[in-house]
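For the numbering used here, add 9 to where a residue sits in the sequence shown, where the first one is 1.
Hints in this document: simulated from the structure, not taken from any laboratory.
Computed from a prediction, not measured in an experiment: that's the story for all the values here.
Idealized CB from N, CA, C, for every residue including glycine.
Possibly wrong hints are sitting among the right ones.
[Said to hold, decoys possible] Label pairs and their in silico Cβ distance ranges:
1) I41 <-> K144: 32 to 42 Å
2) K117 <-> K155: 35 to 45 Å
3) K211 <-> G80: 46 to 56 Å
4) W77 <-> M56: 13 to 23 Å
5) T57 <-> W77: 19 to 29 Å
6) R94 <-> K155: 25 to 35 Å
7) I105 <-> Q194: 20 to 30 Å
8) E297 <-> V81: 53 to 63 Å
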Amino acid sequence: MSATNNTNKPLEPEDTLNGAGRYDPNFTNHVISSIGSNTDPRLRKVMTSLIKHVHDFAREIDLTVDEWMAGVDMINRAGQMSTDRRNEGQLLCDVIGLESLVDEITFKAAADAKDAVTQSAILGPFFRHDAPLRKMGDTISFDTPKDAEIAYMHGVVYDAVTKKPVEEAEIDIWQASTNGLYEQQDPEQQEHNLRGKFRTGKDGSYGFYCIRPTPYPVPDDGPAGELLKKLDRHPFRPAHIHLIVIRQGYKPITTQIFDAESRYLDNDSVFAVKDSLVVKFEPREGDEKAGLELKYDILLGPTDYFPPSTTTTAPYAKMKDCGNDVYYTYVEDSRVMHQYATGEDPLDDIDYGDSDDDSDAEASDVDERDKRDAKDGDFNESKAAGESKRTVRMDQSPKLEIST
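Please model the entire structure based on the sequences and the hints provided.
Written as structure tokens, this is what we have:
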């Protein structure tokens, strides 16, 4: 079937608008109908809609081969640039507002609730899972530049429903230095500078020293930066601090807080600013370490407080009680990880499975790249098959379940 062959089928008004008057719309239906009957229902819904919209987009603008290849090249280069310390593909999504839109869709019900939790914001491309756990009251600034203003950030984590303090909540903090660079971008900064994890006390309180954030441009040395230039847009983000707050039994919150006196609050290059996340730094008295302070309380919602459509939030998967050795689990680059006190351990790839039975996990489930990379028969296929039985199943709802 041709993608461009005209048909005699009567056209709807919207078909004329999206180019179907010149190209065969039945071609799209043909592609969609090729999806097999055993496909996961959620994946079927996602891909059916994606194919339809992408095809309509191509017809509407008369997409050329050169334009299509330029888009493919942009995606390829974004993938090639991405590492465990920088996610260029995510940055591409950020500069066109996609991550902020998905964030709004995911958390709208929670934001509109009577007992509203702290609003979420995008993760951004420079999060690291391995930030060190620090003592309450410590600093996260170890290469403090001369132009930095030291601030003491503190507050209380509350249950959004009961309004009681939440003990042992973990707050993961990261921010850029005054030169606009995160530590993994800047060889002059030491490992994990301006990063740290803190756990609240019995009264739900937390506190640490940081620096007043500075506006900075998103990296312009890759596809995202090139796109901004071609769209005649500036690359700057308002001054902000990133937070992820987690606690067993509560919905994790990924958010950012923005300095009320910063530039670019009204035209953030990644569209992440929300009014409730704009905060004001105040003078701090009687503290030789800091001239500023920021008091910021955080409201967490119990897990059962949220509708099923909001049970998953990047970068953390479903919270799971794994004993004292494992504090939480999360999703990273399509793999599920366990966070241990001594490091991280991958569980397995995310699998759109339609069964909770893992007994069918065979050596064929093992990543073919691992087999190609193995040399001289060192690849232990039977061992790998056994490990592959620990998979993540994504059933009809988007909730991530971990089966071991």
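Hint check against the structure, violated hint numbers in rising order
1
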